[in-house]
Amino acid sequence: MQNVSATRSELLARRNRISLAAQGRDLLKEKRTALMKEFERLSARALDALESLEQQAADARGALGEAMALDGPEAVGSAALAAGGEVGVRLTSRSVAGVPVLELEHDPVGRPRFGRGYSLASTTPGIDEAAEAFESALEGFLDVVAVELSLRRLAEEIERTTRRVNALDHVVIPRLEAERDYIQMVLDERELEDRVRLMRMKSGSEGRS
Numbered sequence: 000m001q002n003v004s005a006t007r008s009e010l011l012a013r014r015n016r017i018s019l020a021a022q023g024r025d026l027l028k029e030k031r032t033a034l035m036k037e038f039e040r041l042s043a044r045a046l047d048a049l050e051s052l053e054q055q056a057a058d059a060r061g062a063l064g065e066a067m068a069l070d071g072p073e074a075v076g077s078a079a080l081a082a083g084g085e086v087g088v089r090l091t092s093r094s095v096a097g098v099p100v101l102e103l104e105h106d107p108v109g110r111p112r113f114g115r116g117y118s119l120a121s122t123t124p125g126i127d128e129a130a131e132a133f134e135s136a137l138e139g140f141l142d143v144v145a146v147e148l149s150l151r152r153l154a155e156e157i158e159r160t161t162r163r164v165n166a167l168d169h170v171v172i173p174r175l176e177a178e179r180d181y182i183q184m185v186l187d188e189r190e191l192e193d194r195v196r197l198m199r200m201k202s203g204s205e206g207r208s
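With numbering that gives the first Met the number 0 applied, the sequence shown covers 0 to 208.
Heads up, some of the hints might be wrong.
Below, in silico cross-link-like pairs of lysine to aspartate or glutamate (EDC-like), each with a Cα-Cα straight-line distance of 20 Å or less [what the hints assert, rightly or not]:
{"#": "1", "residue 1": "K201", "residue 2": "E190"}
{"#": "2", "residue 1": "K36", "residue 2": "E155"}
{"#": "3", "residue 1": "K36", "residue 2": "E131"}
With beta-carbon atoms standing in for the labels, derived distance ranges [said to hold, decoys possible]:
{"#": "4", "residue 1": "R44", "residue 2": "G114", "range": "28 to 36 Å"}
{"#": "5", "residue 1": "S51", "residue 2": "A154", "range": "42 to 50 Å"}
{"#": "6", "residue 1": "F140", "residue 2": "L80", "range": "50 to 58 Å"}
{"#": "7", "residue 1": "G114", "residue 2": "V88", "range": "13 to 21 Å"}
{"#": "8", "residue 1": "D25", "residue 2": "A154", "range": "43 to 51 Å"}
{"#": "9", "residue 1": "A154", "residue 2": "E104", "range": "14 to 22 Å"}
{"#": "10", "residue 1": "K201", "residue 2": "T32", "range": "37 to 45 Å"}
{"#": "11", "residue 1": "A12", "residue 2": "L46", "range": "46 to 54 Å"}
{"#": "12", "residue 1": "H169", "residue 2": "A12", "range": "40 to 48 Å"}
The set of hints was computed from the structure by calculation and includes no laboratory data.
Cβ coordinates follow ideal geometry from the N, Cα and C atoms, glycine included.
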C-alpha cells in the first residue's frame with residue numbers, strides 16, 4: 000500500500016472504481032449466461048446432427064456396397080468420376096450477446112438424377128441410390144461442421160468471459176477493496192490523532208488559565 004495516497008479524493012475514487020468493477024462483472028456474468036444458453040442449445044443440435052450423420056453414413060456405405068455388387072466397381076467408379084462437383088459454402092456472422100459468431104452456410108447438395116453428370120442409360124437405380132445416399136451424408140457432414148464452428152467460437156468466448164469475471168472477482172475488486180479499507184483506516188487514524196491533539200491543546204490552555 001506504499002503507493003496509495005491516503006486522501007479523501009482517493010477514497011472516493013476507490014469507491015467509484017469498486018462500483019464500476021462490480022457493474023462490469025455483473026454485465027459479464029449476464030453475457031456469459033446468454034452465451035452458455037446458446038451453447039447448450041447448439042450442443043443439443045450438434046448431437047442430433049451427429050446422430051443423423053452416423054445413420055446417413057451407414058446408409059451411404061450400404062448403398063455403395065449394393066451398387067458395387069450389382070454393377071461392379073468399374074461402373075460405380077465411372078459414375079462417381081462423372082458425378083464429381085463442387086458445393087458452394089459461405090461464412091456468415093450473427094451476434095450472440097454482442098459476440099460475433101461465425102456460421103457456415105452451404106448450397107443444397109442433393110441433385111436430381113439428370114443433374115449428376117453420368118449417363119442414365121448406362122447406370123442402374125442402384126448407382127442412383129448410392130449417389131443420393133452420399134449426397135445426403137455430405138449434407139449432414141456440412142451441417143455438423145457448421146454447428147461445431149459456432150460451438151467453438153462460443154466456447155472460446157465463454158472461456159474468455161469467465162477469465163475476465165474471475166479476474167474482477169478475485170483480483171481487481173479485492174485489491175480495490177483492500178486499498179479502500181487502507182485509505183479509510185489511515186484517514187480514521189489521522190482524524191483520531193487530530194482529536195487527541197485538539198483535546199491536549201484545549202486542556203493545556205485551560206490549565207494555564
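Would you check the hint for K36 and E131, treating anything up to 20 Å between C-alpha atoms as holding?
36 Å, violated
Are S51 and A154 spaced within 42 to 50 Å by their CB atoms?
Check failed, 22 Å falls outside 42 to 50 Å.
Outcome of range test on Cβ distance (D25, A154; 43 to 51 Å):
Roughly 22 Å apart at Cβ, these two residues miss the hinted range, so it is violated.
Is 50 to 58 Å a correct range for the gap between the Cβ atoms of F140 and L80?
21 Å, violated
For the range 37 to 45 Å, tell me whether the beta carbons of K201 and T32 fit it or not.
60 Å, violated
Determine whether the Cβ-Cβ distance between A12 and L46 falls within the hinted range of 46 to 54 Å.
Since A12 and L46 have Cβ atoms about 50 Å apart, the given range 46 to 54 Å holds.
Is 28 to 36 Å right for how far apart the beta carbons of R44 and G114 are?
29 Å, holds
If you draw a straight line from the CA of K201 to the CA of E190, is it 20 Å or shorter?
16 Å, holds
Given a hinted range of 14 to 22 Å, is it respected by the beta-carbon distance of A154 and E104?
Given range 14 to 22 Å: holds, Cβ gap about 21 Å.
Status of the given 13 to 21 Å range, CB of V88 versus CB of G114:
Once the Cβ atoms are compared, 19 Å apart, the range 13 to 21 Å for V88 and G114 holds.
Mind checking the hinted window 40 to 48 Å against the Cβ distance between H169 and A12?
The hint (40 to 48 Å, Cβ to Cβ) is violated, given that H169 and A12 are roughly 22 Å apart.
Taking only the CA atoms, is the gap from K36 to E155 under or equal to 20 Å?
Satisfied, since the Cα-Cα distance of roughly 14 Å is no more than 20 Å.
Hints 3, 5, 6, 8, 10, 12, counting from the list given before, are not met by this structure.
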